[in-house]
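Build the complex from these two chains, which are given one at a time in their own frames, with help from the hints.
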Amino acid sequence: MPDFAWMAWTWQTGLFFAAIASLLLIMTLLAVYRPETERVGALRIPTTRGDRLFISLLGSAFIHLAWLGLVGPGLWWASGLSLLYAALVFRYV
Amino acid sequence: MTKVLNNKAWFFVLPVFAIVAFSAVLPLMTVVNYSVQDTFGNNQFFWNGIAWFQELLDPSTELGGRFFEALWRTLLFSAIILLIEVPLGIAVALAMPREGWTVALCLVLMALPLLIPWNVVGTIWQVFARGDIGLLGWVVNHLGIDYNYTGDPLDAWITIVVMDVWHWTSLVALLCYAGLKSIPDAYYQAARIDGASRWAIFRTIQLPKMRRVLLIAVLLRFMDSFMIYTEPFVLTGGGPGNATTFLSIDLVKLALGQFDLGKAAAMSLVYNLIILAICWVFYTVMTNVDAERERVEA
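Chain order of the listed sequences is E and L.
Take the first sequence: its position 89, counting from 1, is numbered 89 in this note's numbering, and each next residue is one higher.
One gets this note's numbering by counting positions in the second sequence from 1 and adding 1000 to each.
Bound conformation, chain L alone (with noise of 0.2 angstroms):
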């Protein structure tokens, strides 16, 4: 069979570099641009160096102290979700139904939260935790709990999460749910035969049939939170203090907030460069396991 040689198409592909290019690329360039200058307004420039970087990566200056303290909060947010969110993910999935009418109506609850815009999210959460008008604010104080969440850091954390667990656990419940329907009968009454346990065929039969799905929500749930900024903006601004400024909040802050566009773009390079490795790890165990299952079903 002669092999087809026409690079025509490359022409109708022409388009989207040009906007890619215009649209990411032109910006991305000149972050890095910005990264090596000092601005003090009037668009005058000075060439500055690895002065920034060298500054955000040493823990001692203000710079430094602000982005790593930023980062291990991020960090600590993704773990916590991750901790929470993957297993009371499945543990929904698990516990949703597979046939009848209510299969549809489960999935339509499931994806409400997923549906609604992140800064309303936010309002949302907001009015709902607030201890004087809000619903669980105010129950929360009359059971004799002090709760809120603008003056006591942990308060602030602990909405937070459980506004994320809100908003982002169902996506986790509907990919294993997903995961669990491909899953043939034939498995489950192989090992009502062998008198398997209902743990031994979680471990043996869902859980393996799931990793593919898992590793997505785990990917996408890493991913989201690492990079969240609406919700706890909204929620708390940041505060009370810094306690809740996750890097991406601390960015907007040097950037337009400060106007600091040099230290604002290397940290915005080093925050890029810390995303696209731990994606390219995911992307890199994703397609692997793939691949491999392939080998193995071949």
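Next comes chain E alone, as it looks inside the complex (with noise of 0.2 angstroms):
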């Protein structure tokens, strides 16, 4: 087994990715065993369950750095409403 302790990895950062990997496979899984087709909402333009989640995402790194910046640490809060967003986001979108 190599040794990747040069790279400083941390469980945190880990977790991160394991999380964001386990989204990419939900979502392939998904396309695989339910296709779907895209749809316009409000937004007015046509996207797919993956763009909803880049959407989500994007949207979501966005609102917890503007918690960071306007309000403070306490980033809980932020990932709560970035939930809230997303739910949003994959429900109207």
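One thing to keep in mind: the hints can contain errors.
Every beta carbon over 10 angstroms from chain L, so not counted as near; a handful from chain E, in silico [as the list claims (entries may be wrong)]:
1) D3
2) L23
3) R34
4) L53
5) S56
6) G72
7) Y85
Residues on chain E that point at chain L, a partial pick, calculated with CB under 8 angstroms [as the list claims (entries may be wrong)]:
8) W11
9) L58
10) S60
11) A61
12) F62
13) L65
Taking CB as the label site, the calculated pair distances span [to be verified]:
14) L/R1203 / E/P35: 43 to 51 angstroms
15) L/T1039 / E/G80: 30 to 38 angstroms
16) E/R34 / L/T1039: 39 to 47 angstroms
17) E/I45 / L/N1007: 25 to 33 angstroms
18) L/E1294 / E/I26: 31 to 39 angstroms
19) L/P1087 / E/I45: 23 to 31 angstroms
If you are wondering where the hints come from, they were derived from the structure by calculation, not from laboratory data.
Bear in mind that the values here come from a model prediction, so they are computed numbers and not experimental data.
The C-beta atom is built at its ideal place from N, Cα and C for all residues, glycine as well.
Here it is, written out as structure tokens:
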């Protein structure tokens, strides 16, 4: 087993990437077993599940940054807000 | 008709996935990893949580102050570049000949600045704009205008903007020219029969037909100017003071000059997110303009 200690990985970043990888895996499996067609929602653009995931992730990153810059630490609130935002995106966009 | 299901092609794509993972995904993951740590050299890292991001997003700190200053500077630069290069590119494209041997000559001349490597462009302008041995600097100074791009922030900005306009306007012009060439002659004949003015032809025929290429031009020029590094780095090195220190230059100073990997990683991630968001907006607009046009034409 090669030694990757020099890359200074931490379990927190590992967890973060594992979450992203699982999301991608779930989306791939969904695309295979539950194929879907594009739909036009609140943004007036055709979106697929993958598009909505991308919009949710990108928006969540900005929600966390905005929370940190405008309110301060305590990012659990920002995470909650991001989940709500993602739910809205998946429902209406 | 039965659909042929053959997923063997995926095996041919696997090497690309492997190369992209090694050259892009893993380095990006490393940056994310560094952004939550601090290092004091000797490859020793310490957990720092979200502290770098907190400092970066607070304009009252040293890191936040320089980040926001560089961000506004870069946005201002991109805005100036778009405001100058897009109308100028359209004007040049409209003025270019449509037939005859001059077309080829024009195209070659227009393409020349695009072929010059960025650091060479910086070096050319560094010498060209010098007050003692540069043609531009010497002439401007002898016209009685006090010009010194190494000492005066405004002069440095003007020089960088003019350099970029010189380097990249022809890209916008060539794209617009391609859009103009695709307009059938029948449109112009109809306009002549209707007695349309030059302005009316431009507004109702040429501009709508150039919309797609213009969007591409705006996207390309925005992204390039927002990520500009080499030319201003060679020309001014980010100076005088920090007057022309754009985000990319600041990032390199932070990461390689000061070796503050954690801070630099946090800054790169926020920079990357801004670029990603703007790219997505442009891409979405572009693809939807296309889809809309196809619907209209169908």
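**Q.** Unmet hints by their number, sorted upward, for this structure
**A.** 6, 8 and 10
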